[in-house]
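Student: Chain by chain, the residues:
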Amino acid sequence: MSNIHVTTTLNGDQVEYLCEPQETLLDVMRDRLDMTGAKEGCGSGDCGACSVTMNGRLVCSCLVLAAEAEGQEVETIEGMADGETLHPLQQKFLDHAALQCGICTPGFLVAAKALLAKNPDPTETEVRYWLAGNLCRCTGYDKIINAVMDAAAEMRGA
Amino acid sequence: MALDNKRDFKIVGTRVPRPDGVDKVTGRAQFGADKTAPGMLIGQILRSPHAHARIISIDTSAAEALNGVKAVITSADFDKASSAGNQDALDNCMARGKALYDGHAVAAVAAISATVAKQALKLIKVDYEVLPHVTEVEDAIKTDAPIVQEGRQAADTPAGLSQNITHQMSFGHGDLDAGFAKADLVIERSFKTAATHQGYIEPHACLATMGPDGKADLWCCTQGQYFVRELCADFLGMETSQLRVTASEIGGGFGGKTTVFIEPVALALSRKAGKPVKITMTRDEVFKATGPTISSYSDVKIGMTKDGRITAAHALLRYQGGAFPCGTIEFGLMSAFAAYDLDAVQAEGFNVMTNRPRQAAYRAPGAPVAIYPVESVVDELCQQLDLDPLDVRLKNAARKGTKSSYGPTFDEIGLVATLEAAKAHPHYTAPLGPNQGRGLSCGFWFNFGGNTCVSLNLNADGTVGIIEGNPDIGGSRASISQMAAEELGIPYEHVRTIIADTSSLGYNDITDGSRVTFAVGLATIKAARDAIQKMCARVAKLWDIDEDAVIWEDGFAKPAGPNAGAFEPMSIAEIAAIANSTGGPIAGHHEVNANGAGVSFGVHLVDLEIDPETGFTTILRYTVFQDAGKAVNPDYVEGQMQGGAVQGIGWALNEEYIYGDDGLLQNPGFLDYRIPVASDLPPIEAVILEIPNPGHPYGVRGVGETPIVPPLAALSNGVSRAIGKRMFELPMSPPKILKTIKG
Amino acid sequence: MVQVVVWGSLRAATNGAATVEIEASNFKEVLAQLEHRYPGLKPQFERGVSLAIDGTIYRDAWFTPIKPDSEVVLMPLMVGG
Chain A
133 MSNIHVTTTL NGDQVEYLCE PQETLLDVMR DRLDMTGAKE GCGSGDCGAC SVTMNGRLVC
193 SCLVLAAEAE GQEVETIEGM ADGETLHPLQ QKFLDHAALQ CGICTPGFLV AAKALLAKNP
253 DPTETEVRYW LAGNLCRCTG YDKIINAVMD AAAEMRGA
Chain B
676 MALDNKRDFK IVGTRVPRPD GVDKVTGRAQ FGADKTAPGM LIGQILRSPH AHARIISIDT
736 SAAEALNGVK AVITSADFDK ASSAGNQDAL DNCMARGKAL YDGHAVAAVA AISATVAKQA
796 LKLIKVDYEV LPHVTEVEDA IKTDAPIVQE GRQAADTPAG LSQNITHQMS FGHGDLDAGF
856 AKADLVIERS FKTAATHQGY IEPHACLATM GPDGKADLWC CTQGQYFVRE LCADFLGMET
916 SQLRVTASEI GGGFGGKTTV FIEPVALALS RKAGKPVKIT MTRDEVFKAT GPTISSYSDV
976 KIGMTKDGRI TAAHALLRYQ GGAFPCGTIE FGLMSAFAAY DLDAVQAEGF NVMTNRPRQA
1036 AYRAPGAPVA IYPVESVVDE LCQQLDLDPL DVRLKNAARK GTKSSYGPTF DEIGLVATLE
1096 AAKAHPHYTA PLGPNQGRGL SCGFWFNFGG NTCVSLNLNA DGTVGIIEGN PDIGGSRASI
1156 SQMAAEELGI PYEHVRTIIA DTSSLGYNDI TDGSRVTFAV GLATIKAARD AIQKMCARVA
1216 KLWDIDEDAV IWEDGFAKPA GPNAGAFEPM SIAEIAAIAN STGGPIAGHH EVNANGAGVS
1276 FGVHLVDLEI DPETGFTTIL RYTVFQDAGK AVNPDYVEGQ MQGGAVQGIG WALNEEYIYG
1336 DDGLLQNPGF LDYRIPVASD LPPIEAVILE IPNPGHPYGV RGVGETPIVP PLAALSNGVS
1396 RAIGKRMFEL PMSPPKILKT IKG
Chain C
29 MVQVVVWGSL RAATNGAATV EIEASNFKEV LAQLEHRYPG LKPQFERGVS LAIDGTIYRD
89 AWFTPIKPDS EVVLMPLMVG G
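Residue numbers (the numbering used here), protein chains in the order written: chain A, 133 to 290; chain B, 676 to 1418; chain C, 29 to 109.
Think of the hints as simulated: they come from the structure by calculation, not from any bench. Check the hints yourself; a few may be wrong.
[What the hints assert, rightly or not] Below 20 Å or equal to it, Euclidean Cα-Cα: the simulated EDC-like pairs (lysine to aspartate or glutamate) are: (1) B/1078 / C/97; (2) B/1075 / C/97; (3) B/710 / A/163; (4) B/755 / C/74.
[Unchecked claim] Residues on chain A that point at chain B, a partial pick, calculated with CB under 10 Å: (5) 150; (6) 173; (7) 186; (8) 209; (9) 223; (10) 254; (11) 257; (12) 261; (13) 263.
[As the list claims (entries may be wrong)] Rough simulated footprint, nothing fancy, chain A against chain B, three-plus residues with beta-carbon under 8 Å: (14) 687-695; (15) 1146-1152; (16) 1205-1215.
All of these numbers come straight from a predicted model, not from anything done at the bench. All C-beta atoms, glycine included, are put in the ideal place defined by N, C-alpha and C.
Turn these sequences into a full structure, and let the hints guide you.
Tutor: Below you can see the structure in the form of structure tokens.
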């Protein structure tokens, strides 16, 4: 089986990799590029732990073939903070204790950032529906929703 | 133990940020599947496609011959385990003789890539003799049911039962007949609950490395690295000293990561291949071969007087815990009536084996499905006698001095205070609209302490390192650092708590039983006191006074009083800076088998609305009331209360293992096994009560498990009141509610 | 002498007695005496037991002292999730 050569942009950096035709973007990020921030919770697009954006669109990286990333712009949790400065969403997740085990946290943050890019002033209901594709088993979502609402308010004010 | 929580806390009780927070919001935290090793192979597992089948033979030759395959193993590659319980854990990791459920592991391969490993699995030829199977409680208890495993009944189980019934037990006291005779109304009902999965988002994953010298390292996501070491060393015939187990960050466990599934398999593959082996479960494997809780079929009978006094109560609980003997029934029977002060009470029941995966603990194991039918019948009695359900619970509530339904007399417990808080809360009297109902339930869990070992090292700059041995599953590193900082009188930021591997610290029990903040916290406080004593002794030498003339206050050693002498207090940093000259490094230790955890009670209130056309339940409002003893970090106490409530809501409304007539699991994925999502829920309000636990120096009580208990009955009672008909089965999916409405 | 309460299904092993009286001054002696006097308790002891002493549950705490007037209740081995 011959590998496919792919050139893509990951968090602003141009990267190249070889992948098998059936490998997913998540597989390649985790197994070939040492980017383990995106997690595999289900491999079927049901849990959102592997959320990334491609050209600004929120996707489950377990449902994207690695070869499909050719020429695209991919953003992941690893690109969210600006050096030592956390993104307001990251900071608010810490301030609101919006994580317990933390396995779903990267996916929630990427998904919430994509929401606020589209809708900077969401209602609580809109936040709950947007994040319905991200499963969290620890928190009951309460503190996550509060963190996103608070980050949205701060980002609007900034 | 002296309760000294009358102190004014400075750090305990505050909402400090968690030490692992930044790693977890940036993607840097390393979970089970995030580790690699040079030359690493990928391990994969072949699983039974049958619910019950004898394994006639396994031919691995074609798989072994495939290019890139480095090892193939079966049950023959493991030692015999040293106890029946350990043997069950091993046989669950790799079937021996018979495949006992759909998804039971039968062989495993290690290969240079996932692609090659997958090809190799297809080349393993297993010759099965398919056997009749049984998956439901009510079928498995029949004497002519297919026998899951022969000869597994406990010696004290009565004769004449199905061989699948492994043990039968009863708890209680008093004269039931006399009690029921005093009642104005007796209600007896049958209830069913479905098996659910813990549903942690992180699938099991591990990386095992074993060299030809027999030394091994194992990295895995687990609630207890020491227990993993004990089991794996047993299964591989190793001395425990030769196996070092490191717990990764853990992506949820809820009890499901208190045993092993893939870890011994990865070690055996690594031993055979001579290379590191990584195994990561798929979600399908997680559903089919790990975790699920018991399912149940229960009868509950309760008598009540017109003024709401319970006169007698009886429960018959039947649990199935999968293909192996399972003790969870014990905790169900003891929990069922724990919230009540009863003169006549009996809970009896048994465990039955089925062709399902081996039950694993799930948050307050056994209690939710025992308390659900009890709280449902109490609610129906209140409805029929036109009594306020909170008043009735207050009237019958267990309190200090109550002889509990499982035997011991209760000490200080927070149930009455919790019920009173619920009654005083605006939620309880808020108006309800059409098709809406309010449900209420009490919950209970025992909590425990257990074996704990903590070291505290004083650094040269006066900061402190804590080494503890319990994986942090919900923020415990923060609360442990807080307790150390509190005791030492230093800033929280000056403490860093790490979780040791099995070679770096003495034995610790698993992170379970709501024990960590209680027991590890207790040991941390004692380790800090040990270090304080040593620091005071060093200062006493410097000042040339008696050791007991030096006291510790707010991070300083001070003369005990004017008679001790006029000395300038010395800070922890000053003492640390000269430690090497005053006698060497300073460390505190504490080892304990902690008891006195103190039982835990909670009360949940829910308002919900039923769509009469679809049977769909919308949760409108939810409030949790629970006694935390002392909430060390209120953020994470609330988090436990909210998260547990939502798991219970899933259990009540949606979650269910569905088996077909073929004995195969029909919904092994998050699309068809639906756990609650953000849009299903309202805000969950958490009301923390603090009734100090006399068994802990700061009054701490475990909080993690109780919150999953009340939602089952609270939701069922709310739905029943909303539709005007009682519900008797979980989950209350829309079709079931609709069917009840249409009657 | 210490009174030890045994739960319902174990009473088959204690000739039906809900409470048995034994000579013991700590946790370990209670278990040893019970097993010696009532061999039918052995299967449960192998599965594991705890003791509630004056309302506090103890696991594997051999040297926990027991006073003659202590309330002692035999319980299954406590575990959690």
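Student: Using Cβ atoms only, decide whether residue 223 of chain A comes closer than 10 Å to chain B, and label the hint accordingly.
Tutor: 8 Å, holds
Student: Taking the closest Cβ pair, is residue 186 of chain A under 10 Å from chain B?
Tutor: Nearest chain B Cβ about 17 Å off; hint violated.
Student: Assess, step by step, whether the Cα of residue 710 of chain B is no farther than 20 Å from the Cα of residue 163 of chain A, and give holds or violated.
Tutor: Satisfied, since the Cα-Cα distance of roughly 10 Å is no more than 20 Å.
Student: Can you take a look at whether the segment 1146-1152 of chain B is actually covered by chain A? Rule is 3+ residues, C-beta closer than 8 Å.
Tutor: holds (count 3)
Student: Let me know if the C-beta of residue 209 of chain A comes in closer than 10 Å to any C-beta of chain B, holds or violated.
Tutor: 4 Å, holds
Student: Quick check on the hint: residue 254 of chain A CB to chain B CB, less than 10 Å?
Tutor: 12 Å, violated
Student: Below or equal to 20 Å on CA atoms is what counts here, so check residue 755 of chain B against residue 74 of chain C.
Tutor: Holds, at about 19 Å.
Student: Is the interface hint for residue 261 of chain A satisfied, with its Cβ closer than 10 Å to some Cβ of chain B?
Tutor: 5 Å, holds
Student: With 10 Å as the cut and Cβ atoms as the points, is residue 173 of chain A at the interface with chain B?
Tutor: With a closest approach of 4 Å, the residue 173 of chain A hint holds.
Student: Next item in the hint list is residue 257 of chain A. Is there a CB on chain B closer than 10 Å to its CB?
Tutor: 8 Å, holds
Student: With a cut-off of 10 Å on the beta carbons, see whether residue 263 of chain A makes it to chain B.
Tutor: 5 Å, holds
Student: Holds or violated: are the alpha carbons of residue 1075 of chain B and residue 97 of chain C at most 20 Å from each other?
Tutor: At roughly 18 Å apart (the allowed maximum being 20 Å), residue 97 of chain C and residue 1075 of chain B satisfy the hint.
In summary, the structure is inconsistent with hints 5, 7, 10 and 16 from the numbered list given earlier, while agreeing with the others.
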